[in-house]
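Chemist: Chain by chain, the residues run as shown.
Number of protein chains: 2
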Amino acid sequence: MNNWFSESTLNDTVRSSFKYKALIHESQSDFQRIRIYDTYSLGRLLVLDDSAMISDKDEFIYHEVITHIPILVQEQTKNVLIIGGGDGGAIRELVKYKSIKSIELVEIDSAVVDISREFFPHVASGLNDQRVKIHYTDGVEFINNCEKKYDLIIVDSTDPIGPAVGLYEKKFYEVCREHLNENGIFMAQTETPLFDEYSISSIYDKLNETFPIVETICAPMLIYPGVYWTFSFCSLTEGITSFKENKLCEYGEFSSKLKWHNLDWHKSCFKLSNLFSASIDYKSSL
Amino acid sequence: MNNWFSESTLNDTVRSSFKYKALIHESQSDFQRIRIYDTYSLGRLLVLDDSAMISDKDEFIYHEVITHIPILVQEQTKNVLIIGGGDGGAIRELVKYKSIKSIELVEIDSAVVDISREFFPHVASGLNDQRVKIHYTDGVEFINNCEKKYDLIIVDSTDPIGPAVGLYEKKFYEVCREHLNENGIFMAQTETPLFDEYSISSIYDKLNETFPIVETICAPMLIYPGVYWTFSFCSLTEGITSFKENKLCEYGEFSSKLKWHNLDWHKSCFKLSNLFSASIDYKSSL
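In order, the protein sequences belong to chains F and V. Once you know that position 107 of the first sequence is 999 in this note's numbering, the rest is easy, because the numbers rise by one and skip nothing. Once you know that position 203 of the second sequence is 1095 in this note's numbering, the rest is easy, because the numbers rise by one and skip nothing.
Calculated directly from the structure, the hints in this document are not laboratory data. Accuracy of the hints is not assured; some may be wrong.
One copy or two, it doesn't matter: identical chains are merged, so the pair holds either way.
List time: in silico SDA-like cross-link candidates among lysine to any residue, alpha-carbon distance up to 25 Å [to be verified]: (1) 1098 - 1055; (2) 1062 - 1149; (3) 1149 - 1171; (4) 1159 - 1140; (5) 1041 - 1010; (6) 913 - 899; (7) 1062 - 1014; (8) 988 - 1020; (9) 913 - 1037.
Computed from a prediction, not measured in an experiment: that's the story for all the values here.
Please model the entire structure based on the sequences and the hints provided.
Modeler: Structural data, given as structure tokens:
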């Protein structure tokens, strides 16, 4: 198919394809091939190697889910660590909270950050905030050598193949837990159970063995094969709906401009259908 | 692409493709071309003209949503009318309730019923129930000439193009409302707002002008382009979560075997994200 970008499931039996007007950027970084397409239905689409990463059409779903859900239920979110997420989308949401004092981003590939600033300025807009510090290094290596603790750790990573495999291992989850403050929260994207090529139940088993509270959130990611995506909320103490007044106050200042997240949706997004709870073998104690 | 079935959005800029092992049936009825593929990821896939209708992998999502939601909140569901749905999937769910006395199915194409009985016996399994009567005729014509009233009317139709256009018109919704009993409920599949080619907001405007209570339910349909699908619950009196004890009692006898629907999911499935509520211009009075 000419002028179509296609991504398939790992076993190549299901494909999602998006027609594009033009390939507007192509380069090879030290780590991956980077392409940006100007598509008809998604706006700009960022592709790393052969995987769609973000599009104008749906990036806000991912970024609003992975940030506002943990922040709203945490009394104090002073410092945040993001592993991956070089596009800056999660940071754009985080900097809306004035009470956050420090945001560290660990991105292995500086080219992703540069490309996002140039081609997705509305996604990268928070990267220049003075509270943000970027470490260009491997996420697993960073956390293993880190001496600080964080209130919130967000894993905004690619699929559990290739360089990101280490971000789905139990050892990594345990090290992250050790680097959380007393009321810490760990958030991660955790694939789809609909075409379960990455054994999502084993990911959730590891999370449940590591964190006392684990909730699965479902939201659609149009550009990922399977679309119906999961995110995991893992907490040492807080439930997923224990909204904190001070945070609701900050949230109220910008919430009318959010494109996906609202409090009603937040309160319901972790109520799973039988299909999801069976796939995930859901054991949360909440 | 050899051995791939592809369906695209109306403007052909987004495609979903499924690889198949074999085309196991192909025929031309009086109304449409009928094909069945044996796919790698979805099991059997029924295609009418060029549109995917049902697959083994996800048919239960659609059929459980469109039936259990209205039935559980209605004190008495004695007689049900289904327009479309010749595969029998909605009926399979309805016959689980012994309190339902009569189910009429209006399907324009008898070939769809025959094909479903042969190739999707687990979907068609309820069609032989003695409470079921099938009318092989046009849905709009049937309701316009019908003298009965129903407790529940379900529209299990194709997209609002071609023969199904009439099932999305305000006049049709009004006639359906006139054919509902006092506490009647109208359920329909109502497309996706993600690739909004059918002006979903105009569909919801018409529903809101016709029914006092309108709720939008979101659930994924893997085989439809866009995946994140909506269903509408339109009621004359009942709220979407006003569960009735007698119905919960019946439901309890089989609910552990359902693959999608559960009461927690039911209570949350109509809590829309900002994206959906903005697209749908949601005006429900509930």
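Chemist: Among the hints numbered above, which are violated by the structure, and what are their numbers in rising order?
Modeler: Of the numbered hints, 2, 5, 7 and 9 do not hold.
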